[in-house]
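Colleague: Protein chains in written order, with my numbering: chain A, 1 to 408; chain B, 1001 to 1408.
Treat the hints as calculated values from the structure; they're not laboratory data.
Keep in mind that a hint or two might mislead.
Reference excerpt, derived from the structure (chain B facing chain A, CB under 7 Å, subset only) [as the list claims (entries may be wrong)]:
id, residue
1, R1035
2, F1088
3, G1090
4, P1310
5, T1314
6, A1317
7, V1327
8, G1331
9, G1355
10, V1358
11, N1403
The beta-carbon is built from N, C-alpha and C at its ideal position, and this holds for glycine as well.
Listed below, chain by chain, are the residues.
Number of protein chains: 2
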Amino acid sequence: MELQTSPLALPFPDMPPIEGVTLRVARARYKNWDRCDLTFAELCEGTSVAGVFTQSACASSEVELGREQVKSGTARALIVNAGNSNAFTGYRGREAVEAIQAQVADALGCGALEVLVSSTGVIGVPLPKDKAREGVAGALNAEPCGWEDAAASINTTDTFNKGAHASAIIGETRVELCGIIKGSGMIAPDMATMLGYIFTDADVEPAFLQEMLSAANLRTFSCITVDGDTSTSDTVLAFATGKAGNHRITGWDSPGADAFAAALNDVCRTLAQLVVRDGEGASKFISVRVSGAVDDDSARAVGLAIANSPLVKTAIAGEDANWGRVVMAVGKAGEPADRDKLSIAFGGVWAARDGLPVEDYDETPVAKHLKGQEIDLAVELGIGAGSATVWTCDLTHGYISINADYRS
Amino acid sequence: MELQTSPLALPFPDMPPIEGVTLRVARARYKNWDRCDLTFAELCEGTSVAGVFTQSACASSEVELGREQVKSGTARALIVNAGNSNAFTGYRGREAVEAIQAQVADALGCGALEVLVSSTGVIGVPLPKDKAREGVAGALNAEPCGWEDAAASINTTDTFNKGAHASAIIGETRVELCGIIKGSGMIAPDMATMLGYIFTDADVEPAFLQEMLSAANLRTFSCITVDGDTSTSDTVLAFATGKAGNHRITGWDSPGADAFAAALNDVCRTLAQLVVRDGEGASKFISVRVSGAVDDDSARAVGLAIANSPLVKTAIAGEDANWGRVVMAVGKAGEPADRDKLSIAFGGVWAARDGLPVEDYDETPVAKHLKGQEIDLAVELGIGAGSATVWTCDLTHGYISINADYRS
């Protein structure tokens, strides 16, 4: 099945090189395709690393190893395999990862645990060691490439290349952050894992990089949903080479820490939204803004209940301002809510306020808003000061076609 | 939009009258349709009542009142309105319910709180008191009718009438249980609430009827899902008239308590499965059997995570034995699981065992099984003795058509 570029796609941005990061891609031919499917990022000595991983109880070997590796705080290389997720492959899967780590560590003269590996694609088939070996060998000898080649190389069922860039000033020093990501939902026989990588030349203490990434994750990657399904391999890694020469950021008291955290959050949010924009069958990008919850976590839970509701998502696909379905989704979220204080707006127009339909509600501007590609849905719970924004896409015939009609 | 009868529909069963229960239906014309949409069940004095209700935080007035009413333990009447759910209508909605209660109580010479009311249909519009008054007056004067007329009268977007029957022997006395139910998902502008009513001539202490109904609910109504969405009005009520003259069942020590509980469970399971069989767009009825969980609750949570996964449901719609998506759903359930002990079978054939694909896995019988209408999916977690079975349907283009293409 030929996948068409998502109507919500955005062009790949201009992104500067990051000193201390060298990108290369190669053909491991994990699938019967003629494209680069192995991505290699070489990182200079002293690079800090942080990561967030899927909470799946059935995570892949790559995730199990990665969780341990980021604790050490430093990394020298990243390898991403596209076309085979190496998930549900037992000890053979783990051996394949360890072979890649050994091969790269040998070439770079670093420790095997400083080589991070991600894989995405078909599950239940151990990553073929011979293909991986040849792919890694090819990547080690390849010419360096740019961000978009790397972004394309990590893709599987994605319909466009995804990248994001931000800058921050730390003292007198300008630092750059560049990120790439893949993910579009989950599609048979692949599991379209979300894999995101952020690189910066800033000098950041690993423990604090982890703290900032975890915080950003809660407001960005953890606030998106395409179909509510979670891959066994979802991973976001951040690498900081330190080559910008800024005064090292070690905590919130460090000069520029806030600016760096804001830039990191920016890149994470843009990357997260790009995944939604490539959601399977998506025709509309939906922002669900929840306010008035007892706290931010509760607001996020309500937002995700709305964003995961098939009835809300199909209503928006049908350009129907069906606030009754939003009431239903709020009710089922399992979070504190009061029916008689609930207000709901589409495109800034309140359809229901304080638990009652708005009497002089004019559907004309709402109908026009819903015909657009960018939908804004606001829910005010009226019981507290917690807020969160969650992003999702609509649920269309395209989703069913991709996931049901297509046979593995 | 004309809804076609579900391909998974079953014929309405033969069901005997229940002594102490008189059914009548009438036209309240809550919508612009020519059909009975108000159902009245008159119950003899001394009828015990028990109920389970939606856990929605935005429940309707009917649910709020009902939760309190069943605590008294006795009921004399049930009124069901179809076409208007009276949800999200504030104090005016509550007044409409209280007016119905007063009118029926006046006619029967009973207390207003002995009159239970349910409503299903469009939300955000207070139940029109004049239509309700005329409808109730009509029902009070109507000729008694049979089970299928009552079942048809409570329907909204259902595509077939749903009933279930079971018997039990208590001592020397045979008692009958008859149930009707409506629900098919949730459809704009209606919320296709699940409303179920079970009537028996057995003599049962109200508190114990509640205990048995709550227990049955956990293994039946709480084990079905069409789209993971929960109505603000879901309700199941059980009424026991006591006219069979059995030795009153007051607890598990009472003779026949186990037999009665088994029959009640039977009726609940059949009714619950009928709702799934009328799931919007459903083409396959799916049983998800989970075993080897740490406990039964955990097994049910894993089962619901699988049954609610759009990726699992679309795979089955596509007749694809995609066990990788099942692994994914198990992983995201948030329940204890061990990737390397997980086994998955379709139609009794293991596709994966102990965390690895089965080496000599023959897909031929599985492909044949998936072409059928009744799909069996078994998941063995291998870490405990907990088990549960959950029922759902597949996710098809029909669901999208009903929920997105149809405009309110």
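Colleague: So which hints don't hold here, by number, going up?
Modeller: 1, 10
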